[in-house]
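Residue numbers (the numbering used here), protein chains in the order written: chain A, 8 to 283; chain B, 26 to 485.
Any given hint could be a false lead.
[Claimed, not checked] Stretches of chain A that chain B covers, calculated by requiring three or more beta carbons in the stretch to come under 8 Å of a beta carbon on chain B:
#1 119 to 132
#2 220 to 232
[What the hints assert, rightly or not] As a list, the in silico BS3-like pairs of lysine-lysine whose alpha-carbon atoms are at most 25 Å apart:
#3 B:K443 to B:K245
#4 B:K403 to B:K437
#5 B:K371 to B:K163
#6 A:K224 to B:K70
#7 B:K371 to A:K224
#8 B:K421 to B:K202
#9 A:K137 to B:K70
#10 B:K245 to B:K163
#11 B:K218 to B:K379
#12 B:K218 to B:K190
#13 B:K70 to A:K227
#14 B:K370 to A:K137
#15 B:K437 to A:K224
#16 B:K371 to A:K137
#17 B:K403 to B:K421
#18 B:K403 to B:K163
#19 A:K227 to B:K370
#20 B:K410 to B:K379
None of these hints come from the bench; they were simulated from the model.
These numbers come from a predicted model, not from an experiment.
Even for Gly, the Cβ is constructed at its ideal location relative to N, Cα and C.
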Amino acid sequence: MVGYRIKKGLLYAFLVILAAVCLFPFLLMIVNATRNGVEITRGFTLIPGHSLKENMTQVFNYFNPFLGIRNSVIVAVPATLLCAYFSALTAYGLGFYKFHGNKFIFFMILMFMMIPGQLSLIGFYNLCSKLHLVNSYIPLIVPSIASAGTVFFLRQYIISSMPPALIEAARMEGASEFYIFNRIVLPISKPAVATMGIMAFIGNWNNYLLPMILITKNEKMTLPVMMATLRSSTDIQRNQGAIYLAVAISVVPILLVFACFSKYIISSVTAGAVKE
Amino acid sequence: MMKLAKKLLAMALVLVMVMSLGTVAFARADEAVADLTPVELTGDKLVVWTLADDLVSFGARYQAMTGVEMEVVVIAPEDYPTKVQTALVGGETEPDIIVGEPQMLGDMFSYGAFADLDALGAQDYADQIVDYVWDVGKDENGVQRAISYQITPAGLYYRRDIAEKVFGTEDPEEIGKLFADYPTILDTAQKLKDAGYRIFSSDSEINYFSGDEAWVVDGKLNLSQARLDYMDLVVALYQNDLTAYANQWSTPWYQAMRGPVPILTADIQNYADDSVNVWASADEFAEATEGLQEAEVFAFGLPSWGVLTMRDNVEETSGLWGVCAGPAYGFGGGTFIGISELSEKKDLAWEFVKWVTLNEETADWWITFSEGDTVSLKSVLEAHKDDENPVYGNQKLYAFWQEQAEGIDYSKVTPYDKIVGDAWGAAISSVKTGVATKEEAIEEFYDTVAYTYPELEIDR
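When you get a sec, could you build the whole thing from the sequences and use the hints?
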């Protein structure tokens with residue numbers, strides 16, 4: 008009994024240390040958001056400074072972070088939903104339908120995973136320019152329908168966790184193919200879709216390069232693009248506190264999404280263990 | 026739990042929506058027009074893409090004075106070239122006004138980003154702007170394409186009180202002689218060390234003055250004697266224990282502006298000895314370096330914008346500083362403004378460029394508004410030549426910077442400078458820390474340059 012307690016105590020101590028290591032950078036970011044640039048360049052401390060208000064004013068001098076959050080939500084939420092739904096649809100199609108060229112398509116998707124997006128940047132800009140989509144959110148939202156990485160992950164998950172018998176039974180009952188996907192496949196693969204959804208949301212939320220190139224109007228910029236303008240100050244040191252504050256503001260939505268959907272990730276980890 | 030989280034999310038989103046109803050707020054823009062009654066908008070509009078926030082203030086003021094609507098978009102400096110290039114290659118007629126820093130201009134000129142300002146009459150103003158700035162804005166065929174409103178000559182910021190004690194004078198002229206060439210600097214450094222001070226905080230302080238000869242001459246890499254001498258100087262400063270072993274822009278480097286700093290060791294600076302964390306907090310740093318010998322630092326080498334950096338960091342040593350010339354002329358940074366080749370409003374844009382760079386009233390206002398930036402208009406520098414700066418012992422800095430700027434020879438600047446300069450810096454580092462011998466480091470430097478620029482001829 009005593010041994011068990013010691014073991015448990017050690018385990019908890021270890022976990023507490025691990026948690027502290029994980030949370031330390033966040034704490035540092037929040038503390039630095041309350042200090043001014045001169046203090047920050049002098050070194051770090053965990054005692055909050057007195058410059059929160061000045062940093063806030065400085066951030067607002069450059070942009071309205073709430074406008075940035077709104078713009079980022081307008082881009083990231085639909086992009087994530089489209090990515091999650093259509094990737095699951097594609098993954099199911101590739102995993103469960105036997106048709107000619109299935110392997111070839113899957114191979115192509117794997118290939119596309121390996122091409123860095125930056126390569127096609129100028130071409131993509133020209134395309135958007137010809138279609139009059141510069142300064143529009145459409146090129147930031149719609150392409151997320153085709154997310155090679157997400158399809159790859161979901162296909163593996165659906166193949167491994169989806170009993171074919173369920174689908175056959177549904178077909179016998181006369182369910183249409185779309186009905187089967189929406190009412191049976193999607194709910195069963197919910198943990199995987201949620202995991203990839205969180206990843207997609209973080210990716211879209213932090214996406215910098217494309218919006219930086221495509222959005223040229225101040226009032227349409229997404230949050231990361233707005234935040235980058237803080238680095239344009241002639242004096243590098245002066246905006247340090249404001250940058251920390253802006254970053255602290257920008258992670259709040261990501262934390263909220265995690266708080267809401269992390270349950271699914273945990274259930275996806277345990278799901279396999281119980282079923283087998 | 027889930028419900029609570031959902032509620033929280035919903036509330037947060039609502040809050041965001043409500044708070045975001047305001048438009049983009051630019052308080053700097055408000056400050057810039059505080060003394061003006063804005064005129065009515067004329068219906069004309071210019072779009073400015075900038076990497077320096079200065080133009081936000083300029084734009085707001087111009088709009089209030091002329092009624093031309095100014096849309097100023099600020100882009101992070103490191104992404105600015107990519108953004109402009111994509112837009113121009115894509116054939117966009119916006120922006121009208123684009124900018125660049127000296128090291129970006131070469132590339133931007135070569136793909137035709139900037140419109141010809143001579144066609145708009147720029148040459149009429151040629152002798153109103155400090156010469157080197159005018160030259161930086163010319164492309165390789167001598168066509169004027171960009172102009173800057175500021176100059177950025179480099180100087181050595183030194184402690185007057187230490188100078189008085191060690192050398193018996195605090196006069197910038199006399200102190201400048203102590204930095205006249207590399208052997209003299211070593212000599213000065215030794216004298217300061219003997220008197221219990223250190224000449225520099227880091228060993229990179231002379232860097233701005235090291236561009237005595239062009240890196241590339243007629244397509245050939247030019248590793249001149251002056252560069253080798255500079256290497257020897259840095260190595261000597263380092264190995265003979267003459268600096269405080271701080272890295273530029275690190276905690277102790279800033280601290281040295283305020284007063285005594287612990288003298289670190291070479292091992293601490295290059296992290297071989299990790300007993301002292303140079304990026305730690307002031308208190309931790311003080312504790313870790315207890316017992317180390319302390320000393321005050323004599324000088325910092327920075328361009329004219331260093332006036333503002335020093336002012337914000339000197340604290341109790343304010344008033345004790347002076348500025349003198351370095352071993353050569355040099356400069357660092359500066360924002361250059363021009364017109365996009367694809368702009369459909371070139372005449373209107375030229376009016377704005379003229380207003381920012383060539384208008385005495387604007388330059389005068391900018392000096393006050395920026396709290397001490399150094400402008401490029403000769404007549405205004407002349408008018409402010411008797412302005413005294415209290416942080417620097419009431420030295421007349423505008424006269425000094427103008428004099429320094431006159432000595433800068435821009436023909437020594439090439440598009441290769443950034444990469445080649447960095448490679449040379451790496452070579453110096455490996456020699457001073459003993460990682461490589463001088464010969465090995467130079468060979469490696471040649472290799473790096475040859476890989477990056479195969480078109481350059483290298484005479485080993």
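Taking the hints in turn, this is what the structure says about them:
1. 119 to 132: Holds, because 3 residues of the segment 119 to 132 of chain A bring their Cβ atoms closer than 8 Å to Cβ atoms of chain B.
2. 220 to 232: n = 5 at 8 Å, threshold three: holds.
3. B:K443 to B:K245: holds (16 Å)
4. B:K403 to B:K437: The hint holds at about 22 Å.
5. B:K371 to B:K163: holds (18 Å)
6. A:K224 to B:K70: holds (14 Å)
7. B:K371 to A:K224: holds (21 Å)
8. B:K421 to B:K202: Given pair B:K421, B:K202 holds - Cα atoms ~19 Å apart, limit 25 Å.
9. A:K137 to B:K70: holds (23 Å)
10. B:K245 to B:K163: holds (22 Å)
11. B:K218 to B:K379: violated (50 Å)
12. B:K218 to B:K190: Judged against 25 Å, a Cα distance of about 13 Å means the pair holds.
13. B:K70 to A:K227: Holds: B:K70 and A:K227 sit about 18 Å apart, inside 25 Å.
14. B:K370 to A:K137: holds (22 Å)
15. B:K437 to A:K224: It is violated: about 38 Å lies between the C-alpha atoms, which goes past 25 Å.
16. B:K371 to A:K137: Holds - the C-alpha atoms of A:K137 and B:K371 are around 24 Å apart, at most 25 Å.
17. B:K403 to B:K421: holds (15 Å)
18. B:K403 to B:K163: holds (18 Å)
19. A:K227 to B:K370: holds (24 Å)
20. B:K410 to B:K379: Holds. B:K410 to B:K379 sits at ~23 Å (cutoff 25 Å).
The structure fails hints 11 and 15 (numbered hints given earlier, in ascending order).
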